[in-house]
Amino acid sequence: MKKRFILGISVCFLALILSGTVYAAAKPVKLGFVYIMSGPFATYGQFAKQGAELAIDEVNKAGGINGRTVEGFFEDSTGKSDVGIRVIRKLVYEAGVDAVIGLDSSGVASAVTPVMKELKTPLIITHAATPDVTGTNCNRYTFRISLNLNQNIAMAAKIASEGKAKTWTTVGPDYSFGHQSWEYFQKYLSQRKSGLVFLPDDKAAFPPLSTTDFSPYITKVISSNADGVLISLWGGNLIDFVRQGMDMGFFDGKREVLMTLGAATEVLYALKDKMPEGIWVGTRYWFNANNTPVNKAFVNAYHKRFGVYPSYNAHGAYAAVKMYAAAAAKAKSVDKEKIVGTLEGFALELPVGKVVIRPEDHQAVTDGVWGKTAADPKVPIRVLKPLRKFAGKDITPSVAETGCKMK
Amino acid sequence: MDSVVANILNGLSWGMLLFLISVGLTVVFGVMGILNFAHGSLFMLGSYFALQFVRWVGSFWIGLLLGPVIVAFLAILIERFLIRPIYSRDTSLQLLLTFGVMLILDDGVRLIWGSAYHVVNPPQILSGTIAIFSGTYPVYRVFLVIAGPLVGVALWAFFTMTRWGKTLRAAAMDRRMAEIIGVRAPLLFTLVFAFGAWIAALGGVLAAPHQSVGPAMGEHIIIESFIVVVIGGMGSFPGAFVGALILGLMNAFGATMLPDLQMAMPYILLAIILLARPRGILGEEL
Amino acid sequence: MRSYKNLFLWFFLLAALASVPFLLPVYWIMILTEILVMSMFAMSFNLLFGYTGLLSFGQAGFFGTGGYLAVLTLLHGSTSIWVALVAGVLGSGLIALIIGWLCVRRDEIYFAILTLGFGMMLFTIAHNWRSVTGGSDGLGNFSVPEVDFLGVVLTLADPKIFYFFVLIIVLLGTWLLSRIVNSPFGLLLKAARENSNRIAFIGANVRSLRLFAFVIAGALAGASGVLFAMFNRIASPEMLHWSFSGKVILMTLLGGSGVFFGPAVGAAIFFVLEHIITSFTTNWMIFLGIILVLLVLLFPSGVLGSLLETWGRIRKGHKL
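Chains as they are written, first to last, in our numbering: chain A, 837 to 1243; chain B, 290 to 575; chain C, 218 to 537.
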């Protein structure tokens, strides 16, 4: 009886020691993800989560980060600044994450960036496009791996400068993003070409985000007689605008139309053949713009697992995990300061192409894609034909221009 | 087409859709005294059923026929089990409860249909454009401009000419008196709530070809619906008609004439009307 | 006897709140800070709702006004937190005076909708006046102020120090509110809620009473907004949106509008619930909805209100 008791105790003890050592060896690297997971824009969070999970699985299958497995913690920003700040504090203080990845809304990104200085934790932004977080508002801990607003608009301006349109107007959502898109477009396009007319803001169209009836704005643009229109609407707004615009004769070929986020897959999948052909559309990442093995592997794995082509947000989250893993491998550590140091100037081949994090402002210098919408019987959605690629260095404004001072 | 004419049509078509969405809200408030926060979500459900019936049987019209009926049945359950216990309670509790129902419906829709945007095409006969006023205009919008007043007239006839309609109005004016003369108020309330849901869902089905179907539809429309019924006069359905028309036209012309105030304009209008005529344009003054 | 017991209760509560930073991890200190800020906001709202019977859907407008004015002061005026706080409180009080003057003419649902309208006008200003308010991105990038406490300079960027700072302000606000509701004026407010005609008969001006309550509630909402903006290092337009007002109404009803501390308890329940629900699902809306529906059906007087009612019945039962 007594013997068995002692045996039992020692087995338990042994098990405890073993589990302890196993635990120590497998203490995971923790990555926090903050996206919009609920409400009207939840589709963005859903894509990002899929991309992140795919990347985490791939990293773990390849042996993890420096032999440690990677674990993802997902939080819902709900698209609100106060919630975004709260969940990031939760990730850092409660979950003890080694880095934070994500952010969809520019408002949340602007609010969160200064807080990262206090949390002393690297943040890799994968979607929010406001120039400020790697510009006037930049700091040591904030990075962005995705194309930002200026880079995207620089491509739009290049395409616009090659066209015939003389008088330009815009349809953009009535918040910072829409207004900034229009301001940078005017700036970049007038640098490239002179003699153009830009309609003043009150003659352009800025429908509020909650708009569902775009007919007054369509009428306004049609009757303004502008022959070039920059459209920076996105998501549901863009879908509504395109459908109502089709019916009201907006896409009758009389004006040049550029949609800065028209090639987002969530929009193309919803519209399918209702998306007009021959329209210039931009995106942050296009799934078949690149013939590299890295991209093919990503697109195939993603399509196989989720049944759709990866959206730019799926790519953003995927790319950020891959870049973090590579940086940690190079630094041989996940120490936050070392990661920040390694990420500055870090270069990596990602599905979108070669991405370099510029050390001065932490903005990714990454290639961009625009294209004309075209039908393809093999694919359920509109594809881009012709496809135009822009080298990252040609579309990224100089550091001086961004106004970033790291201190 | 001249832009003024186009904007009149824009305003009318949007206004009529707004009328169909919000008229149920005013009927429910008028009879039951309940400001239903979940009204927008019932509207949204109508759109999702339109989507689902198009997927199942490929027909928009079947969705128009059956979708609102299904939503009305759901509303009967909501009224019977959730709202009925709190009739005697404070208005704020009713708001809170219907707010809770709204959250459940909005998220429930996301669980069933996912969070992606969906598109419903108008039926063949209503798609394309029509030549009108020396220009072209979408057939579907013209259809909305006609459907709105038709539904309005049908409602008006129902309320003033049928026995049921008269009973409803009597109950709205004085519930206790109606009960004394033999009206079964609880049953009546259930039916009114179901009717409000039915017509909200009808608006939802009709809105589906006009805008993308997604889980935020209800949230976006509910405040606008409140404004429509308040400026028109709460409980007055001709008021809802007038309110929707004003808001629709203001939306259309505001985009051109006062673009900076576009977001605030409904609220400014609301404040001016409530301060000048406390019970709305067609509401009865105390 | 009763007052001794109250005093003891107060002392116990204070001791508990003051010792928290030494017991809890940083994240929970921050959550508690947020609960305190929202408690003051909700209790100030309840001066209007619970005591005066006015359901305002626009309190977020004053909350946000306070936040923006404080940040603007820190960016362009003084670097002192006290100046920012005073600017936020006076500014939001003044706006509340103007809006209240118009709104108190209406009651019930019309008052609710009217305040919603004015709140959303303030929201539009914050959202659209980009050159001053920073537009939809909000107004941040100020350096977190320091306070001089008996010659020792403390930075509010430290979560613990900020917690104590918030605790002191919130206690002051709570004390002010409790003085008001227990004064003859508070009794008049309650009487006006029950029967405004009778109050008019005894010579009190119902509108002025309501306006006074509206201004106090607005100013304290502004003070909460200042703290909130300091806490998040930003003033953003969401702070003024009607859904933020809705959140405060929800907290108040959750805790119980008939009890002085009901809204504070509601705020605490809300944050804890949110923390628990979001930790296991992203479909938190459906859970929150179900909980709301159940609470309304099972605890119609709010959690604290219903508990106190039950407690009262039990005590009466013992006496019988």
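It should be emphasised that the hints constitute simulated quantities derived from the structure, not laboratory data. Mixed in with the good hints, there may be bad ones.
On the chain C side, residues computed to face chain B include the following (Cβ under 7 Å) [said to hold, decoys possible]:
| id | residue |
| --- | --- |
| 1 | Arg323 |
| 2 | Ile330 |
| 3 | Val369 |
| 4 | Leu371 |
| 5 | Thr372 |
| 6 | Pro376 |
| 7 | Ile503 |
| 8 | Leu505 |
C-beta: ideal position from N, C-alpha, C; glycine also.
A quick look at each hint next to the structure:
The beta carbon of C:Arg323 is positioned within 7 Å of a beta carbon in chain B (closest approach about 6 Å), and the interface hint is therefore held. With a least beta-carbon distance of about 5 Å to chain B, the hint placing C:Ile330 at the interface is held under the 7 Å criterion. Checking C:Val369 against chain B: minimum C-beta separation of about 46 Å lies over 7 Å; hint violated. Interface hint status for C:Leu371: violated, as the beta-carbon distance to the closest one in chain B is roughly 41 Å, over 7 Å.
Interface hint status for C:Thr372: violated, as the beta-carbon distance to the closest one in chain B is roughly 38 Å, over 7 Å. Violation of the interface hint for C:Pro376 is found here, the shortest Cβ-Cβ separation to chain B being roughly 31 Å, above the 7 Å cut-off. The beta carbon of C:Ile503 is positioned within 7 Å of a beta carbon in chain B (closest approach about 4 Å), and the interface hint is therefore held. For C:Leu505, the interface hint holds, the least distance from its beta-carbon to any beta-carbon of chain B being 6 Å, beneath 7 Å.
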